[in-house]
Amino acid sequence: MLNTINKSPFERASLDSFLRTAPKGTPVLFLEDGVYAVTKNTSLAAAMAAIAKDHAIYALGPDLKARAIGDDRVLEGVTVVDYGGFVDLVVEHGTVQSWL
Amino acid sequence: MSEDMEGSFETEGVHKQFMFLNRKAPYGTIYALEVLEMILISAAFEQNTNVVFMDDGVYQIRKGMDTKPVNMKNFSPTYRILEAEKEDADEDPDAEMKWRLIVEKESMEARGLTPEDFIIEVEVLPAKQVGELMAEMDVILGG
Chain S
436 MLNTINKSPF ERASLDSFLR TAPKGTPVLF LEDGVYAVTK NTSLAAAMAA
486 IAKDHAIYAL GPDLKARAIG DDRVLEGVTV VDYGGFVDLV VEHGTVQSWL
Chain W
73 MSEDMEGSFE TEGVHKQFMF LNRKAPYGTI YALEVLEMIL ISAAFEQNTN
123 VVFMDDGVYQ IRKGMDTKPV NMKNFSPTYR ILEAEKEDAD EDPDAEMKWR
173 LIVEKESMEA RGLTPEDFII EVEVLPAKQV GELMAEMDVI LGG
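Read top to bottom, the protein sequences are chains S and W. Everything in the first sequence is counted per the working numbering, starting at 436 for the first residue and increasing by one. Everything in the second sequence is counted per the working numbering, starting at 73 for the first residue and increasing by one.
Hints listed in this document are in silico derivations from the structure and should not be mistaken for laboratory results. As the structure is a computational prediction, the values presented were derived from the model and not from experiment. Please note: incorrect hints may appear among the correct ones.
What the hints assert, rightly or not - Lysine-lysine pairs mimicking DSS-like chemistry, simulated, CA-CA at most 25 Å apart:
hint	chain 1	residue 1	chain 2	residue 2
1	W	K158	W	K88
2	W	K145	W	K88
3	W	K177	S	K442
4	W	K135	W	K145
5	S	K442	W	K200
6	S	K459	S	K475
7	W	K140	W	K170
8	S	K475	S	K488
9	W	K135	S	K459
10	W	K170	S	K488
11	W	K158	W	K170
12	S	K459	S	K442
13	W	K200	W	K177
14	S	K488	S	K442
15	S	K459	W	K177
Stated by the list, open to error - Partial list, derived from the structure: chain W residues whose beta carbon lies under 7 Å from chain S:
hint	residue
16	D127
17	A156
18	L197
19	P198
20	M209
21	I212
22	L213
All residues carry an ideal CB built from backbone N, CA and C; glycine is no exception.
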């Protein structure tokens, strides 16, 4: 199962809800305003590093670019994918849970 | 509409696992009502149905709402239809579907609520068990 998060972690508790429920190993893709979670030097950076130990973390490249988040500002361990990569993740993992 | 198109809506003998995940409070946005309508419509297809209330979604099924002062329709009694669907599925030996009405424990406790506060009878499950159930689903629809 693939989980996606499309809201900023500074505005919504979606990231917390994902962490509370998702079994270890559940991959998560950040998109739209969700991509602010994978940026460096935020108050969440340490928490995100801990999350990366239990979950594969992906972020949607076009949404990073739209928000002026360059590759050098993306946290270590985050895999940036394009729209085709998003489709591949859905095909690979089947059911999707969107944390709106 | 072609016969092929009609055929694509055939659901007899199909039994998938559906989860409807309610995560928003009832009146501030349209999410709660939309998900409720989605559940009611899907009930016609007799699939395995798991309705989950978590985060502010637990507020949807609080007892004692009085929406007259805000001029909005109180749609909370409609959740009792879900309870009736569950009872029908439980009592009909021929029914090949199962209904579960679930509240996520952590969200309920964080908001100072107990099962007695709800308009319907629910199973209270810890978040990790909700997550495990989620992983077993064929389809998850939420709001």
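Results of checking the hints against the structure:
With a CA separation close to 16 Å, the supplied pair K158(W) and K88(W) stays within the 25 Å bound. For the hint pairing K145(W) with K88(W), the CA-to-CA distance comes to about 33 Å; that exceeds 25 Å, so the pair is violated. Using a Cα cut-off of 25 Å, the hinted pair K177(W) and K442(S) holds, with the two alpha carbons roughly 23 Å apart. Between K135(W) and K145(W) the alpha-carbon distance is near 15 Å, which keeps this suggested pair within the 25 Å criterion.
Using a Cα cut-off of 25 Å, the hinted pair K442(S) and K200(W) holds, with the two alpha carbons roughly 22 Å apart. As the CA atoms of K459(S) and K475(S) are separated by approximately 23 Å, the hinted pair is consistent with the 25 Å bound. With a CA separation close to 35 Å, the supplied pair K140(W) and K170(W) exceeds the 25 Å bound. With a C-alpha separation of about 17 Å, the suggested pairing of K475(S) with K488(S) holds against the 25 Å cut-off.
Distance hint between K135(W) and K459(S) is unfulfilled; the C-alpha atoms sit about 36 Å from each other, more than 25 Å. Note on K170(W) and K488(S): the hinted pairing is violated, with a Cα-Cα distance of about 36 Å set against a maximum of 25 Å. A C-alpha spacing of about 7 Å is found between K158(W) and K170(W), which places the hinted pair at or below 25 Å, so the restraint holds. Between K459(S) and K442(S), the direct Cα distance comes to roughly 22 Å. Compliance with the 25 Å bound is thereby established for this hinted pair.
For a cut-off of 25 Å, the pair hint linking K200(W) to K177(W) stands: about 10 Å separates their Cα positions. Taking the CA atoms of K488(S) and K442(S), the gap is about 22 Å. The hint holds against a cut of 25 Å. For the hint linking K459(S) to K177(W), the alpha-carbon distance of about 19 Å falls within 25 Å, and the restraint holds. The interface hint given for D127(W) is met, as the beta carbon of that residue sits about 6 Å from the closest beta carbon of chain S, less than 7 Å.
Given hint, A156(W) at the interface with chain S, is violated; its Cβ is 27 Å from that chain's nearest Cβ, farther than 7 Å. Evaluation of the L197(W) hint against chain S yields a violated restraint, the C-beta minimum of about 10 Å exceeding 7 Å. For P198(W), the shortest C-beta to C-beta distance to chain S is roughly 9 Å, which exceeds 7 Å, and the interface hint is violated. For M209(W), the suggested interface contact is upheld, since its CB lies about 6 Å from the closest CB of chain S, less than 7 Å.
With a cut of 7 Å, the hint placing I212(W) at the interface with chain S holds, because the nearest CB-to-CB distance is about 5 Å. Checking L213(W) against chain S by beta carbon gives a least distance of about 9 Å; that is not within 7 Å, so the hint is violated.
In this structure, the hints that do not hold are numbers 2, 7, 9, 10, 17, 18, 19, 22, in rising order.
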